[in-house]
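A.B. asks: Residues per chain, in single letters:
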Amino acid sequence: EADIYQTPRYLVIGTGKKITLECSQTMGHDKMYWYQQDPGMELHLIHYSYGVNSTEKGDLSSESTVSRIRTEHFPLTLESARPSHTSQYLCASSVSDRGNSPLHFGNGTRLTVT
Amino acid sequence: GENVEQHPSTLSVQEGDSAVIKCTYSDSASNYFPWYKQELGKGPQLIIDIRSNVGEKKDQRIAVTLNKTAKHFSLHITETQPEDSAVYFCAASKPLDSNSGYALNFGKGTSLLVTP
Chain A
1 EADIYQTPRY LVIGTGKKIT LECSQTMGHD KMYWYQQDPG MELHLIHYSY
51 GVNSTEKGDL SSESTVSRIR TEHFPLTLES ARPSHTSQYL CASSVSDRGN
101 SPLHFGNGTR LTVT
Chain B
1001 GENVEQHPST LSVQEGDSAV IKCTYSDSAS NYFPWYKQEL GKGPQLIIDI
1051 RSNVGEKKDQ RIAVTLNKTA KHFSLHITET QPEDSAVYFC AASKPLDSNS
1101 GYALNFGKGT SLLVTP
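Chains as they are written, first to last, in this note's numbering: chain A, 1 to 114; chain B, 1001 to 1116.
The hints are simulated quantities; they were obtained by calculation from the structure and are not laboratory data. Computed from a prediction, not measured in an experiment: that's the story for all the values here. Glycine included, every Cβ here is placed at the ideal spot set by N, Cα and C. Each hint should be verified, as a subset may be incorrect.
Which stretches of chain A does chain B cover? Using the computed rule of at least three CB atoms under 8 angstroms from a CB of chain B, they are [unchecked claim]:
(1) 39-49
(2) 103-113
Label-pair ranges, simulated between beta-carbon atoms [stated by the list, open to error]:
(3) B:Glu1056 to A:Arg82: 23 to 29 angstroms
(4) B:Lys1058 to A:Arg82: 44 to 50 angstroms
(5) B:Asn1003 to A:Arg82: 24 to 30 angstroms
(6) B:Pro1082 to A:Gly51: 39 to 45 angstroms
(7) B:Leu1113 to A:Met27: 29 to 35 angstroms
(8) B:Asp1097 to A:His73: 28 to 34 angstroms
(9) B:Glu1079 to A:Glu42: 42 to 48 angstroms
(10) B:Glu1056 to A:Gly16: 50 to 56 angstroms
(11) A:Glu42 to B:Arg1051: 44 to 50 angstroms
(12) B:Glu1079 to A:Glu79: 21 to 27 angstroms
(13) A:Asp38 to B:Arg1051: 25 to 31 angstroms
(14) B:Asn1053 to A:Ser96: 44 to 50 angstroms
(15) B:Pro1082 to A:Gly16: 41 to 47 angstroms
(16) B:Gln1014 to A:Thr55: 44 to 50 angstroms
Given only the sequences and the hints, what does the whole structure look like? Please build it.
C.D. replies: This is the structure we're talking about:
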């Protein structure tokens, strides 16, 4: 199994709260990603990072923000959660190359905003 | 963005039968095609992948074929077992901006049920 960890596994919070979803990997991978998985199971890229101090937005517009201060850590923050943010959030990482290596996924955080 | 289409969305087979899932992609720059299996409560796990310089790859009961000209690739599972029941995703690599980075575009998933 890949060494990528997400916490918490489940989170239920009220509208307006600030939350941070944690993601850590011990494989030394430079590239990290956040995908949002909707109830229909489709995966959408919302953020990615090439390495320390690199953050980029993905295809799906998201009100969340990310940071990459350390190679192994790629947290995602929602400043003010809303019910529309209810979803599963999956973190992934990969080695740096020209697109021929797999993404390793964590087990996800299932977020419910009431 | 570029799309990956996956069919069928649900598939039910009897134990011991074969299962086939098909995907098409549109980005001609895609050169890496992994398949993931996602079980309930877990993240997607890589089960097999294929690169654009190869037409077919097999790993025990799982095989993948790639037709770059037609831009489609397929997953074949033989001698299915109940533990093969899960959601399967195909994906195609897509370039990200000019930093030589890439991400994966995923299909919408196939829910496979193998009945004893």
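A.B. asks: Does each hint fit the structure? Answer for all of them.
C.D. replies: Here is what the structure says about each hint:
no., hint, result
1, 39-49, "holds (count 6)"
2, 103-113, "holds (count 6)"
3, B:Glu1056 to A:Arg82: 23 to 29 angstroms, "violated, 47 angstroms"
4, B:Lys1058 to A:Arg82: 44 to 50 angstroms, "holds, 47 angstroms"
5, B:Asn1003 to A:Arg82: 24 to 30 angstroms, "holds, 28 angstroms"
6, B:Pro1082 to A:Gly51: 39 to 45 angstroms, "holds, 42 angstroms"
7, B:Leu1113 to A:Met27: 29 to 35 angstroms, "holds, 33 angstroms"
8, B:Asp1097 to A:His73: 28 to 34 angstroms, "violated, 23 angstroms"
9, B:Glu1079 to A:Glu42: 42 to 48 angstroms, "violated, 29 angstroms"
10, B:Glu1056 to A:Gly16: 50 to 56 angstroms, "holds, 53 angstroms"
11, A:Glu42 to B:Arg1051: 44 to 50 angstroms, "violated, 24 angstroms"
12, B:Glu1079 to A:Glu79: 21 to 27 angstroms, "violated, 51 angstroms"
13, A:Asp38 to B:Arg1051: 25 to 31 angstroms, "holds, 29 angstroms"
14, B:Asn1053 to A:Ser96: 44 to 50 angstroms, "violated, 20 angstroms"
15, B:Pro1082 to A:Gly16: 41 to 47 angstroms, "holds, 44 angstroms"
16, B:Gln1014 to A:Thr55: 44 to 50 angstroms, "holds, 48 angstroms"
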